[in-house]
Amino acid sequence: MSPQFQQARWSEPLLSELGTPGERGYVPTAPEAEIAAHAPDPLEAIPPAFRRSAPPRLPQVAQPQLLRHFYRLSQETLGNDVAVDFGLGTCTMKYSPKVNEHLVRMPEVQDLHPAQHEDTVQGILEVLWRLEQMLCAISGLDRFTLQPPSGSAAVYTNASIVRAYHASRGEGEQRDEIISSVFSHPCDQSGPWSAGFKVVELYPGPNGYPELDALKAALSNRTAGIVITNPEDTGIYNPHIAEFTRLVHEAGGLCVYDQANANGILGIARAREAGFDLCHFNMHKTFSSPHNGMGPAMGASGVKEELARFLPAPVVEKRGDRFELDWNRPESIGKIRSFVGNAQIAVRSYAWILALGPDGIREVAETAVLNANYLANRLREVPGMSQPYPTSNTPIEQFRWSLEALREETGVGSSDISRNLADYGFQPVFGSHHPFIVPEPLTPEASESFSKEDIDSWADAMIDIAKRAQADPDDVLEGPYRNACRRIDAAALDDPDRWVPTSRVERSKGGVRGD
Amino acid sequence: MPHPYIPNSAPEVRREMLDAIGVDSVEDLYRPIPSDLRFKGRLPLEEGIPEEGRLRRHVEGILRRNTPASDVLSFLGAGCYQHEVPAVCDEINRRGEFVTSYAGDVYGDHGRLQALWEFQDVMAELIEMDVVTTPNYDWSTAAAMCLRSSVMLTGRKRVLVPAALLLDRRLVFQDYLAHDVQVDEIPFDDATGLLDLAALRSMIGDDVAAVYVEYPNALGVIEHQAGEAVEIAHEHGAMAVVGSDPSGLGVLASPGSLGADFAVGDLQPLGMHMSYGGGLSGYIGCRNIPEVIESLPVFIFAKTETLEPGQHGFGYLNFDRTHYVKRGEGSQNGGTTTALWAITAAAYLGLHGPEGMRELGEGLLQRTRYAADRIGALPGVTAPRFSGASLKEFVVTYDAHDVATVDAALRERGIFGGKDLSVDFPSLGRSSLWAVTEVHSKDDIDRLVDTLGEVLA
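Line by line, the protein sequences give chains S and P.
Counting along the first sequence from 1, when you hit position 218 you're at 218 in this note's numbering, and nothing is skipped either side.
Counting along the second sequence from 1, when you hit position 116 you're at 116 in this note's numbering, and nothing is skipped either side.
Any given hint could turn out to be false.
When the alpha-carbon atoms are kept at most 27 Å apart in a straight line, the in silico DSSO-like pairs for lysine-lysine are as follows [as the list claims (entries may be wrong)]:
| # | chain 1 | residue 1 | chain 2 | residue 2 |
| --- | --- | --- | --- | --- |
| 1 | S | Lys-304 | S | Lys-216 |
| 2 | P | Lys-40 | S | Lys-198 |
| 3 | S | Lys-198 | P | Lys-326 |
| 4 | S | Lys-304 | P | Lys-40 |
| 5 | S | Lys-216 | P | Lys-326 |
If you only want the chain P side, here are some residues facing chain S, beta carbon under 7 Å, derived [claimed, not checked]:
| # | residue |
| --- | --- |
| 6 | Asn-8 |
| 7 | Thr-382 |
| 8 | Thr-397 |
Residues from chain S that face chain P, not an exhaustive set, calculated with beta carbons under 7 Å [to be verified]:
| # | residue |
| --- | --- |
| 9 | Ala-217 |
| 10 | Leu-325 |
| 11 | Cys-485 |
| 12 | Asp-489 |
Hint data in this document are derived by calculation from the structure and do not stem from the laboratory.
Computed from a predicted structure; not experimentally measured.
From the three backbone atoms N, C-alpha and C, an ideal C-beta is built for every residue, glycine too.
Assemble the whole structure, with the sequences as input and the hints as a guide.
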């Protein structure tokens with residue numbers, strides 16, 4: 001097999017280089033003559049020092065050229081609609097149904113102002129309320145807020161609730177430590193840190209998950225709680241999780257479940273049965289809302305009833321047949337984001353869960369686990385591939401394996417292999433968050449959206465790249481070749497003397513034309 | 001029946017895959033989960049609707065209970081605005097390649113990275129700051145992040161923010177900051193709505209990490225003393241965080257020209273539908289100082305070269321500064337923010353160019369002047385309540401009428417009146433905040449004034 005794929009390579013100029021002075025791409029509607037006559041000098045009331053002194057150096061380009069430019073950039077982007085995207089493990093890339101994209105573009109969604117009177121937004125409030133009920137059913141917890149605009153914002157929300165809970169009991173000063181694990185997502189540490197906690201990280205034992213003794217050693221009267229994933233980002237499920245939550249409760253802490261990795265256990269195992277007090281789901285991962293190139297997104301935070309009073313304001317309440325926003329929440333942590341959050345994402349996730357129902361949701365989980373295990377089985381054929389925790393050999397949803405042996409043999413590591421997937425029309429494969437405890441890591445996640453053929457074609461590509469590495473390491477080290485751009489000079493990204501975040505910086509270094 | 005979203009649900013395929021794995025059933029794959037943690041039974045959810053037509057009718061049926069602002073005449077603003085959305089913006093941000101991408105990065109998503117870099121590039125020109133990051137969730141969280149950065153950079157634990165602040169913004173600051181930072185409010189002048197600079201001077205000290213100002217403020221007033229506030233901050237070694245609505249920056253002084261250390265605001269006016277608040281996106285600009293950039297966890301893309309001469313490549317600027325690497329050791333929380341809206345804003349600014357942004361800003365100033373003066377001419381009404389200049393919002397105060405009652409009467413006549421300020425600013429009495437933009441024609445404003453006159457009569 002050799003790559004047959006060829007990505008568009010337009011070598012587009014930069015937006016700032018398009019067009020010619022004097023061109024324009026849009027004319028905003030001008031005020032009528034009577035309005036203009038009422039204020040003939042629009043800037044009259046603005047002190048001269050506060051008027052803009054020079055026009056912004058924006059592009060001057062007509063509409064067709066601008067549209068073409070962005071279409072070409074879209075063609076140089078391997079979104080899940082056009083590419084088998086499951087290399088991005090922990091991201092739960094899945095099909096985002098097109099019907100939902102049509103729904104969120106209805107005027108009844110996109111033209112709603114968030115401060116409209118409740119009488120005029122009963123529909124969207126009903127969707128928010130219904131989605132909350134669904135998430136309660138799926139998690140076993142009692143209340144959800146849809147306000148957090150990302151998964152990590154939801155973790156942060158939950159950490160803030162833990163803080164408020166202990167403060168309400170007079171233990172806010174004392175309980176200043178959150179326990180997490182090193183195979184949990186980095187936001188499980190940065191979220192609590194941002195909420196004011198010190199973070200204690202547990203390292204994995206021989207089976208890939210933290211040992212009970214490590215947890216016991218970390219617990220004290222300073223423990224505010226634990227924030228942990230399960231399965232962790234390695235796809236390894238910690239079978240002692242109920243014992244973990246019991247011990248944290250005994251020590252006076254709360255248990256927060258980061259359910260970014262829920263896709264393989266929907267309808268199979270829930271936060272409540274595992275003893276968690278809080279959890280969150282990523283609507284843009286598990287619940288099919290598209291990732292939007294890195295947002296907008298939604299992390300839904302759920303809590304047990306006794307913690308509901310701390311949820312950010314407002315929450316949606318149903319009173320009779322009417323839906324209302326309840327702002328009267330004196331113990332609320334405050335707000336995580338303006339208004340109610342990214343409401344359009346709630347519409348998509350509601351429609352997705354409804355399309356599947358209880359049996360379909362479970363089929364999602366089962367298929368995701370089936371796909372993960374089938375993929376793992378195929379990847380045993382990749383030269384130099386190994387499984388780091390052989391006793392935990394049934395991955396849930398995703399898995400983190402190692403190409404250390406290939407690296408030792410050829411000098412070609414996992415990031416090189418990952419980069420070359422672009423030549424086969426695939427997204428790169430995610431390695432690991434830091435620290436790299438598994439050397440030369442790879443973490444794919446074949447969600448339920450991918451067919452057996454998709455998985456086979458991806459595995460075949462991985463095998464092919466590894467064989468190429470054995471035959472001619474430089475061939476792989478210099479790749480990719482058939483995508484939109486060749487291997488970059490990455491050193492320039494980290495050097496403050498060389499990095500170029502904008503043309504303004506480039507101009508200040510004397511390195512851009514036209515100035 | 002196989003579900004249309006799940007390809008491998010056909011029994012034959014499943015059997016083949018299970019055989020390859022070497023297990024009898026999917027149940028065998030759930031061995032790692034102890035049986036007492038297994039959920040017994042069926043999730044209590046409504047039955048699934050696999051037929052797209054029936055699903056669509058159902059969801060549309062619920063959503064049609066909404067009245068979109070575009071079906072009536074709406075003057076709501078207060079942080080989310082009904083502006084024109086160029087068709088090209090909608091075309092670009094519905095491209096499936098962008099919509100369904102995520103973290104493909106340098107080699108899979110070259111086009112997405114270039115588009116995001118271009119956003120940084122054109123936004124930097126508008127706000128005249130050297131560095132622009134990929135945006136945070138919204139204006140409030142962008143401001144909170146920069147205030148937290150100021151605390152980290154100065155080691156001081158007090159910030160000064162305007163009392164003329166949206167309630168949402170105040171509540172976001174409460175959660176992000178107040179647990180270990182003292183947040184003090186600078187009063188506003190009751191006549192002009194502007195910052196009370198004398199109060200700022202008396203409040204500031206060497207314990208202040210940052211002063212935050214914004215224009216327009218929550219009363220709609222263009223805070224033209226923002227530059228003075230920045231100077232006062234700098235005199236005391238504090239940082240200056242300056243918020244601004246980008247729809248005014250074609251005509252108003254840029255935050256960079258005012259000496260801001262951090263610039264923030266919302267991209268929503270630049271091509272995003274309101275979507276019940278889902279169109280918000282908080283831009284962040286800063287100086288090109290490594291320590292300052294280091295304090296911000298949001299992604300920044302940098303342009304670089306590739307193995308092919310003359311070709312651009314793009315990648316993460318100093319990825320190691322993000323929470324993905326620092327974890328619980330001194331990084332603010334980052335996350336999946338609002339990249340699609342950044343790409344949209346880049347297209348919007350590219351379409352408008354310098355002339356379009358100037359015309360937009362001038363038109364907003366003129367319409368607002370006209371609307372405020374006409375409403376203010378009605379008996380029993382003070383408008384604008386404050387003498388400071390308005391960009392697109394102004395406060396209306398009724399002598400005797402209750403805001404909610406007037407709003408209800410207007411709603412019956414197909415008009416959404418301004419946002420009731422009785423919760424946000426109880427001291428302002430019977431007041432509301434009205435927004436006028438380029439979507440409002442003279443006829444729209446005249447109809448509002450006539451109707452409001454009838455309701456108040």
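Going down the list of hints, with the structure as the test:
1. Lys-304(S) - Lys-216(S): holds, 25 Å
2. Lys-40(P) - Lys-198(S): With Cα atoms ~37 Å apart, Lys-40(P) and Lys-198(S) exceed 27 Å; violated.
3. Lys-198(S) - Lys-326(P): OK: Lys-198(S) and Lys-326(P) at ~13 Å, within 27 Å.
4. Lys-304(S) - Lys-40(P): Holds. Lys-304(S) to Lys-40(P) sits at ~20 Å (cutoff 27 Å).
5. Lys-216(S) - Lys-326(P): holds, 25 Å
6. Asn-8: Hint holds; Asn-8(P) Cβ to chain S Cβ min 5 Å, cut 7 Å.
7. Thr-382: violated, 17 Å
8. Thr-397: With Cβ-Cβ at 18 Å, over 7 Å, it is violated.
9. Ala-217: Where the cut-off is 7 Å and the nearest Cβ of chain P is about 18 Å from Ala-217(S), the hint is violated.
10. Leu-325: This interface hint is violated because 11 Å lies over the 7 Å limit.
11. Cys-485: The hint holds - Cys-485(S) has a Cβ within 7 Å of chain P, the shortest such distance being about 5 Å.
12. Asp-489: The hint holds - Asp-489(S) has a Cβ within 7 Å of chain P, the shortest such distance being about 5 Å.
Consistency with the previously given hints fails for numbers 2, 7, 8, 9, 10, ordered from lowest to highest.
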